[in-house]
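**Q** From first to last, the protein sequence lines stand for chains A and B.
Quick note, the first sequence lines up with residues 1 to 360 if you use the numbering used here.
Quick note, the second sequence lines up with residues 1001 to 1360 if you use the numbering used here.
Note that these hints are calculated values from the structure, not bench results.
The C-beta atom is built at its ideal place from N, Cα and C for all residues, glycine as well.
Treat the hints with care, since some could be wrong.
Unchecked claim - Cβ-Cβ distance ranges computed for the label pairs, FRET-style:
1. B:GLY1279 / A:ASP25: 35 to 45 Å
2. B:ALA1022 / A:ALA311: 48 to 58 Å
3. B:LYS1141 / A:ASP25: 18 to 28 Å
4. A:GLU44 / B:LYS1141: 14 to 24 Å
5. B:ARG1314 / A:GLY67: 31 to 41 Å
6. A:GLY123 / B:GLU1125: 51 to 61 Å
Number of protein chains: 2
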Amino acid sequence: MSAGGEQAALERIDRARRRPRAFRDTHITTAHGAGGKATHELIERLLVPVLGGGEQLAALADAAVLGVGGTSVAMTTDSFVVRPLRFPGGSIGELAVNGTVNDLAMVGAAPLALTLSLVLEEGLETEALRQEIAAAAAAAKSAGIEIVAGDTKVVGRDAADGMYICTTGIGILDPRAALSPAGARPGDRLLVSGPIAEHGVAVMLARGEFELGAAVCSDTRSLWPAVAALLDACPGGLRSLRDPTRGGVASALNELAQASGTAIVVQEELVPLAPAVGGACELLGIDPMYVACEGRLLAIVAAEEAGVALAALRSVEGGDEAAEIGAVEPDPAGIVLVQTAFGSRRVLDMLVGDPLPRIC
Amino acid sequence: MSAGGEQAALERIDRARRRPRAFRDTHITTAHGAGGKATHELIERLLVPVLGGGEQLAALADAAVLGVGGTSVAMTTDSFVVRPLRFPGGSIGELAVNGTVNDLAMVGAAPLALTLSLVLEEGLETEALRQEIAAAAAAAKSAGIEIVAGDTKVVGRDAADGMYICTTGIGILDPRAALSPAGARPGDRLLVSGPIAEHGVAVMLARGEFELGAAVCSDTRSLWPAVAALLDACPGGLRSLRDPTRGGVASALNELAQASGTAIVVQEELVPLAPAVGGACELLGIDPMYVACEGRLLAIVAAEEAGVALAALRSVEGGDEAAEIGAVEPDPAGIVLVQTAFGSRRVLDMLVGDPLPRIC
Chain A
1 MSAGGEQAAL
11 ERIDRARRRP
21 RAFRDTHITT
31 AHGAGGKATH
41 ELIERLLVPV
51 LGGGEQLAAL
61 ADAAVLGVGG
71 TSVAMTTDSF
81 VVRPLRFPGG
91 SIGELAVNGT
101 VNDLAMVGAA
111 PLALTLSLVL
121 EEGLETEALR
131 QEIAAAAAAA
141 KSAGIEIVAG
151 DTKVVGRDAA
161 DGMYICTTGI
171 GILDPRAALS
181 PAGARPGDRL
191 LVSGPIAEHG
201 VAVMLARGEF
211 ELGAAVCSDT
221 RSLWPAVAAL
231 LDACPGGLRS
241 LRDPTRGGVA
251 SALNELAQAS
261 GTAIVVQEEL
271 VPLAPAVGGA
281 CELLGIDPMY
291 VACEGRLLAI
301 VAAEEAGVAL
311 AALRSVEGGD
321 EAAEIGAVEP
331 DPAGIVLVQT
341 AFGSRRVLDM
351 LVGDPLPRIC
Chain B
1001 MSAGGEQAAL
1011 ERIDRARRRP
1021 RAFRDTHITT
1031 AHGAGGKATH
1041 ELIERLLVPV
1051 LGGGEQLAAL
1061 ADAAVLGVGG
1071 TSVAMTTDSF
1081 VVRPLRFPGG
1091 SIGELAVNGT
1101 VNDLAMVGAA
1111 PLALTLSLVL
1121 EEGLETEALR
1131 QEIAAAAAAA
1141 KSAGIEIVAG
1151 DTKVVGRDAA
1161 DGMYICTTGI
1171 GILDPRAALS
1181 PAGARPGDRL
1191 LVSGPIAEHG
1201 VAVMLARGEF
1211 ELGAAVCSDT
1221 RSLWPAVAAL
1231 LDACPGGLRS
1241 LRDPTRGGVA
1251 SALNELAQAS
1261 GTAIVVQEEL
1271 VPLAPAVGGA
1281 CELLGIDPMY
1291 VACEGRLLAI
1301 VAAEEAGVAL
1311 AALRSVEGGD
1321 EAAEIGAVEP
1331 DPAGIVLVQT
1341 AFGSRRVLDM
1351 LVGDPLPRIC
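Produce the entire structure from the sequences given, and follow the hints as far as they go.
**A** See below:
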């Protein structure tokens, strides 16, 4: 992108952000569930204001933090509506546990207890339900979180895509964690805990809608071990964590850049990407930066701690491809830029609309 | 029912309860979501064993109780899938808050924080969503619980009946509460906080499938004020609380009778029932004892505290029709009996199958 092109893009984004903040869409569309701009508008312009905009909600972190007695408790909720229910590397039951465990981990909370609420479609095979409950139980055991309560509802045929699972988790905030979506400061470094876009591509391919034979597995896993390793290694230098799920790395970084009023510059050639995933994205015409991960984290860390932090991420199972992929700059505030191997830069905006098949 | 008929019914129930405890249904049906026997079998024979049957889950209380630091915290979850979304006296947003607040209240926990997870159907009108979010916010304010986190997913057309809401709540256990589903002892009294079956009948009539013009409003409300009044009035004499939602009063009392190994005998003519509700049930051919309430509680209290407890229930807004409706006897263990005004008794078994239109 030329310097003039970048300037035009920045001005366009700036204009969009200054638009009146009413929610004007008359109907809900799949874009509102895609994790990008439309989702943010729904949350920021309709849900938070109508709910009264409490302090916790307005912070829009992955999890709320509450005082309970003398203890800081994190709490988060997530509904899982993935199709197909099972895909290479995982399934909805496993995803529903790991997804909520990870939202707790992103605020620095050790997983404590989880609830599991099922909406089942009439006609669902019992065996499919049994498999997902077993998958959830195994994921909970592996993540060290106890499933303490549940609920089951049954809805009519064709009214739930087989099953939906809502999980809600609570965790104990690690006292060493001082994380905030607004924590990034110029000079900080950006790390990622492993290759990106694997979950989203695995689910898209599992649908069989594309004639691609690539073997791609979801990356779903608990991220608490990685967070615990970071807190052990460099608690003071750890600014912000995000797991780039819906909307992918691009949307997660935009949230961090906007919250902190900094620019985040990603070095494209440093971003770990499996060849099969990169190839599938190219054939499907989608940018892997917008594709969901379900077991990766992005960490903003102080420059002087970047080496220790990277070593910590790599010390954890599944973290051997962790990498430093960028840095925080003062300007342009609130913007994410991708720098190519050839030195050119382009703006990496938040996901607009819903260009991808719904995958979570 | 003759004495011989009662004996035959008891033997049938006993045989059914001694059946092998494997879950044999190959597919999920609406009966598994109706709150009666099929729901219990799904939970006890499939979900709890496959989840590993942790202590909390196996207790099958309305909410789990966890130690967090030095504080006892209750946690519960519930998915709401009601159609239509709005009905006389309430709507899904209000119901989703009150339902979870009430599950906390039933273990003696004061509401603290709530999460709200939405599954929205593509094409839903924004105005309908706004109304339900406003209803949830108002109900939360009224119940004194803060909505701290949320999530939104969008699914395809016809894949969510407009919207589903999953709420999860945490609350602080009142140190005076010593409640247990197994708490009933022979001689104890049974109280109900108001007229029964109103929510279920209101929703059934709101569907317009029946040619009945009766004006019936849902009873949805927070039950924490009633529980707080009971804890103030007679903490030591309060054995068990249940809010009779899915499966109605009959299913809730069966759970208490089975857990405590006692008989619960209900005096039919003492059960408060609005004439319009009783009339609608008669025309629809359903027993109001099986119809859901969403703002009533059943309390088992020590005989010597029954008067104080009833006065406490009546002192609370909406509680002026609270009544003592029965007593606990030693035999037949695990059975609920209804005694008619004429002195005959019949077994009131748990709901079998799904004879009612799905209403929650």
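**Q** All the hints need checking, so say for each whether the structure fits it.
**A** Against the structure, the hints come out as follows:
Look at GLY1279 of chain B against ASP25 of chain A: about 44 Å separates their beta carbons, and that is inside 35 to 45 Å. Roughly 51 Å separates the CB atoms of ALA1022 of chain B and ALA311 of chain A, a value that falls within the hinted 48 to 58 Å. At roughly 26 Å, the beta-carbon separation of LYS1141 of chain B and ASP25 of chain A lies within the given 18 to 28 Å, and the hint holds. Remark: the range hint 14 to 24 Å for GLU44 of chain A to LYS1141 of chain B is upheld by a beta-carbon distance near 21 Å.
Taking the beta carbon of each, ARG1314 of chain B and GLY67 of chain A are about 35 Å apart, inside 31 to 41 Å as hinted. For GLY123 of chain A paired with GLU1125 of chain B, a C-beta distance near 28 Å fails the hint of 51 to 61 Å.
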